[in-house]
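Colleague: Since the structure of chain A is already known, use the hints to place chains B and C on it.
The chain contents come next:
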Amino acid sequence: MSEQDISQIAHLMRRAGFGAPLEELQARAAKGYDATVDELLDPESQPPMERDMMMRYKVDWFSQAGLEGQQEEWTFRMINSKRPLQEKIALFWHCVLVTGHAKCEYPKQQAMELDMFRTVGMGSFHELLKGLSKDPAMVFYLDNCMSHKGAINENWGRELLELFSLGVGMDGDFNYSEDDVKEAARAFTGWTVTNSVPRYPYGKYDAKFMFDPRDHDAEEKTFLGETGNFNGEDIVDIIVKQPATARFVARHLYNFFVADDVQVPAWKDTPPQDIEAIKMLEEEYFRSNYNITAMLQVLFKSDFFKNSTFSKVKSPAETVIGTLKLVGDFKFPRPGLDLMTMNIRYMGQDLLNPPTVEGWHTGREWIDSGTLVERINFTADQVGNINHSGVKNIINRLSSVGPVLTAEQLVEGCLENLGAYQLADETRKQLLEMAESDGEIRTDSEGFPLQVGTMLQSIVATTEYLFA
Amino acid sequence: MTSTKKDPVLVVLQLAGGNDALNTVIPYGNPKYKDNRPNVFIPEDQVLPINDQIGFNPNMGAMKKIYDEGHMAVIQGVGYPTASRSHFRSMDIWHTCEPIKIGDEGWLGRVVRDLDPQAENVLTAVNFGRGLPRALAAPGVAAASVGNLETYGVLTGIDDTDQRLKALDVFTKVYSPMIGTGPVMDYLAHTGLDALKGADILSSAPGMYSSTVEYGSDTVSQYMRNIVQTHLAGFGTRVLYTTAPFNSFDTHAGELAAHTRLWSETSRAVGDFYDDLKEHNAGENVILMVFSEFGRRVKDNGSGTDHGAGGHCFIIGDQVKGGLYGEYPSLDADKLDDGDLQHNTDFRGVYSTILEKWMGLDAKPIVGGEFEQLAFI
Amino acid sequence: MTTEISHISVQYSKTIGRGEQFGPGFTYPINVARGKEGIMYVLCRGTEFRPEGVRVVVCTTDEEYISVFARGIDYQGPHAHNMDDGALVWPTSIALDSQENLFISDEWLNRISSFSKDGDFLGKWEERTGSGDGELDRPSGMAFDADDNLYIVDSGNHRVQKFNKDGKYLAQFGTYGSGDGQFDMPWGITIDEAGDIYIADWRNDRIQKFKPDGKFLMKFGNSGSGEGEFDRPTGVAVDQDGVIYVSDWLNNRLQIFDETGKFIDLKTGEAGLSKWGKAKLDANPEMYGERDRAQGLEREKDFWGPTGVTVDDEGNIFVPESARNRIQVYKSQSPTFAGPRL
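Chains as they are written, first to last, in this note's numbering: chain A, 3 to 470; chain B, 32 to 408; chain C, 5 to 346.
Bound conformation, chain A alone (with noise of 0.2 Å):
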């Protein structure tokens, strides 16, 4: 398999998943780019996590209780699912559909919401945003829970319209009215959750979706230009088949799986980047029936996809997941993963609490001068750590290529084993002068595995190393 193939599969991996270290891009390579993306999209075709050893082991992923321990288990999850497309899917629909546990303070109800997203969030679009509309953590995080037949809430009615489906406006020109936000609203009324079991003395219990019809507002309303006495499933049929909603997913897919694009709220008169793109999206949400993994399928296997390889500031969460995977450690629950997953948090992703309704920023939003401190250390103190199995099979892989090596030969073999990524010439030059700076590189020498650590060290401290 030539070069070329080894760099596409990275380049998917990194975007349809988590990245993977050398050995396993080989073997996908191996089978072939399509075959990948294939099962990729097919994750039932592969093995789910083993939830019964991950709860025997980490009693806190059974009870769900804590932030921190449900942010650990899906770390974990990330690390180790050999369905790596279902936990990005996952990842996506939290960063657009935001539930918070700031206000939500149940995490295991945010993560009954996060299964919905492994499983529906590749499925139909529609069934998704019916399903948001029950799931009780967004029912109470946007309060609709509050909005009641004659005293509407227009949380949940506004943004589901503004954040959640239609968006603002596209090409200039908004989608909806504030008229339609209250109408949308008025649908949605009665369409509550039950009142839980408080958390004193055994914990909590999840609440459930419940429909009170005493509390819906039957009355005709008129949303989007259609009038009938619509309830929040009606909403739903006819917000899916608008075209600013295929914009909208295709736009959002876009920015996530290819390239950065402008904040959210500049989608209205920022034009996509590459119109071409987000019409073939568009075209497919509406040919499949508003298919999640159709609409990836042509994403995954288009030109304008293997043409945007580090086109992406990567989020903290692919930078503490993908560097985990890269040097081979957690793949068994093990005390200590708690730390590393707080680093997501220090880098600006706090997952499961996100700062706003919004979500995050993403592209060069991820990066300021504190965060920045908190990526590179991270990543420089796990690749440098020559004790870790992943990190010992790229010393072993670039061992095997010789008694010596040039210092082209330990630059080029370090970037490929990270991933196959390419510098800048000025960067690449930099580092080939600190590679000749120790004079001969002999890989039978007592100080090679730290020379391959600290050439490491260097190229995940890189500004190319931040992008995926």
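Worth flagging that the hints you see were computed from the coordinates, not collected in a lab.
Restricting the straight-line Cα-Cα distance to at most 27 Å, the calculated cross-link-like pairs of lysine-lysine (DSS-like) are:
1) K206/A - K132/B
2) K105/A - K395/B
3) K206/A - K136/A
4) K121/C - K172/C
5) K271/C - K110/A
6) K210/A - K305/C
7) K219/C - K172/C
Keep in mind that this is a model prediction, so the values were computed, not measured.
Modeller: Frame of chain A; chains B and C shown alone:
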């Protein structure tokens, strides 16, 4: 606004976990105190009296001294309407000033943006402890979070000094902005150099510092010392923040012993901080705010207290007009709010006072409205 | 003993515990041991985020709090094999010798620590990670026989090992697999009055019974949720009448079998308010209102992930539910007529 020429500086110490207000400023003169606290009360003869009704926890000697000197304001009964008894939610409300909906920016993040709109100084705000508190988070605002000031830096995991210097040299060169590489790369390059510069500057602070004050070895003490070191180094830092770790004030059980240790450490840390600034003649432009996300239940639960509502807040500094502010909330059963102290001062009024009278900023957009200010400055 | 015990009656008795990071209450109670004079020892697994929650709580069967001892690791993270004496990382089971000294297994450190009944640290066996004779890989359940020999379920090595109480290796049985006498990540263990050994063969969803020398005697159960079927059984206990109790983890129930392994009954949980729980609510009275308004409060009765089962000489059956921070106690009514009236 004070007349000092130096820029005003705000230090915040967050007592995470929910400090028991009732056993901090103790209403020892009120028989209802003992009635409600059969198992978790401080005997009258141990209280450090403020007047014949209330007094400080016996372990708060150092802070009592500052109070007696007239430089500590005790704001009684601070809170907000429809109190949340959840750590996360209530802390979030204190951080974002948004008690109803989910807030989108931290109040101090907004302060930093007002102070340094062009983000010219990477050290305008510094947090001590890993992970940025929500209070300091706002889009476009960078604040360093320092886990360990002595070892703070970039690529600190490279043990070998020579290797690290080489790697840092490479780092500097690869982050140097290259013409024509586009705004994103340009931004990242600048940010990288800023991070390196900020880390270099910050880590120089301990070396420039000497003091006769010996701080305790607990986390809060060490971070209060780091705050003084950073302030003395003159980097132009205006907001310094730290948090008592591990939600330690969450005293559901074994409260008397735990609270004794917590306040011994915290009060000493605050006293040392104050003395250290004084020793360096550097306290005139500094105030310290000490707060917690909520107080605890009026009734004890046998060996501790559970999550409650209204609490106290302390403001300390040379320019602070010491004394009691607000009213001590009533312990009468019919005046309690679901079994908790009722607040009578909105925390956003405390913030507004600090923002307008101390920092010289327009408080309204930062705290999201107009709230009654106090006279402690 | 006859098989007539099938009309044995097991009744709910009470609930003990509440969620608390320290003091009276539990943090993920995973295993219970009964001492003399109404004393019980509750092993709290805790979490790595709040190491103070890792502890042994000593209380009475009437829920009088006595003390706590042992501790978790410092927050700064475990230093793989450099843990201080007495520290616990993943404590899993607790066993009492004839002097009522406590032995605690730690699935992370592969360490057995011992404490006096007053909580003084007595010592630990030398570290022995591995798969050789006497070496351990994730030691789970433990039980003493009448001669103070300690049987340890060596779960990662899919076997049971026998030691004297100083840690000297004596014997072992079992290998990986699903045949008779083979195991797949076994967890709980108990020893009956005859000295026979019962193992909760966790991933094989069955119970196996052995002679003290490891000779296979019988097995019962298979995967499923019907009567007599299991979804990852965590613990097994046998009472004086030979009745077998199994905590059926992911089926959220306690199953009861006769001495031949024939299904008798199952309990899905009847938890009520514990003494400590009530004290917690009294200190937070608005919780009563929330409970009144709650829909589905009856769910509070149900078992949720029982992690073990312990019986005592008085016919009490203790079932810890780590995720609910409580222990449901059941009482077996002996079929023997006890008078005084007809």
